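Participant: These are the residues of each chain, in order.
There are 2 protein chains.
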Amino acid sequence: MNNAFMQEAIRLAVENVRSGKGGPFAAIIVKQDRIIAAGANSVTSTNDPTAHAEVTAIREACRALNTFQLTGCEIYTSCEPCPMCLGAIYWARPDRVYFAATASDAAGAGFDDSFIYEELKRPHAGRRIPFEGMMREAGLEPFRAWVQKDDRIRY
Amino acid sequence: MNNAFMQEAIRLAVENVRSGKGGPFAAIIVKQDRIIAAGANSVTSTNDPTAHAEVTAIREACRALNTFQLTGCEIYTSCEPCPMCLGAIYWARPDRVYFAATASDAAGAGFDDSFIYEELKRPHAGRRIPFEGMMREAGLEPFRAWVQKDDRIRY
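Just so you know, the protein sequences line up as chains A and B, in that order. End of the first sequence = 155 in my numbering, gap-free, step of one. End of the second sequence = 155 in my numbering, gap-free, step of one.
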């Protein structure tokens, strides 16, 4: 844990708001005590709803390291990750995540993402965005193609 | 619900495996009965752990429509979304999601993402990727900058 790295993430988040680039969130990724990537929320300025701080930083770190796995890296994020970013972090597999503001602090500032977790408890059809299953049998074809492949890379 | 759109998503998922571009997943996005974007898993071929089918399709649809919100759109995905993609879908706000294979089918083929939801039930420090809070007070600064801004765009 290194306060200077978190201070930098927080500074970027403040700067991101002031510059008008996006929401009050930023993250940096550190490997062997060096910052290898930084990201700030740029949803509105880049028209990309997936451009949250952590996702942006993870994509940049992976580009920098030429890999899709962040083993040996740590993420410092100005705020506890939303469900999308939490998922992205698990797929990227860094060693550890440090966060400053909590999800509840974010909710207090109007950024309440807990509804996404709540949706999971509802039946598919009753969700805010309805989910509907169809053609399940045909949907197994890609998996059949996958298991027949010898050189598949697992992630 | 239109079977031809789902069939196209499934076809792209099979093709994605055969071409070696990535895992057995694809999604398409439809607006007013027209396909406006397609995405397939390209995690390993693009070194981007966030390049799942739905995220890729959402990013492409938003680029095509020049917006960060997919109101009026429907997503057809070959498989029920993982936690990251579920979050991305909620932030993108399409009208509806259709899926073919279920999360349990995916788990049966070796793609089990339920551990991510399970992690949420654990205390931060005891997670597979440990989460650790620090400098919470400083972490509120970006929110203070945010609420002082008059022209903030909410998303």
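One or more of the hints may lead you astray.
[To be verified] Each computed DSS-like pair below joins lysine-lysine, with the alpha-carbon atoms no more than 25 Å apart:
1) K149(A) to K21(B)
2) K121(A) to K21(B)
3) K149(B) to K21(A)
[Stated by the list, open to error] Quick partial rundown of chain A residues pointing at chain B, CB under 7 Å, derived from the structure:
4) M1
5) I35
6) I36
7) T50
8) N66
9) G87
10) A100
11) R136
[As the list claims (entries may be wrong)] Chain A stretches covered by chain B per the calculated footprint, using a threshold of three residues with CB under 8 Å from any CB of chain B:
12) 5-13
13) 17-31
These are computed hints drawn from the structure, not numbers from a lab. Note that the structure is a prediction, hence the values are computed from the model and not measured. The beta-carbon is built from N, C-alpha and C at its ideal position, and this holds for glycine as well.
Participant: Evaluate each hint against the coordinates.
Facilitator: Results of checking the hints against the structure:
no.	hint	result
1	K149(A) to K21(B)	12 Å, holds
2	K121(A) to K21(B)	34 Å, violated
3	K149(B) to K21(A)	12 Å, holds
4	M1	6 Å, holds
5	I35	16 Å, violated
6	I36	14 Å, violated
7	T50	5 Å, holds
8	N66	6 Å, holds
9	G87	3 Å, holds
10	A100	3 Å, holds
11	R136	6 Å, holds
12	5-13	holds (count 4)
13	17-31	holds (count 7)
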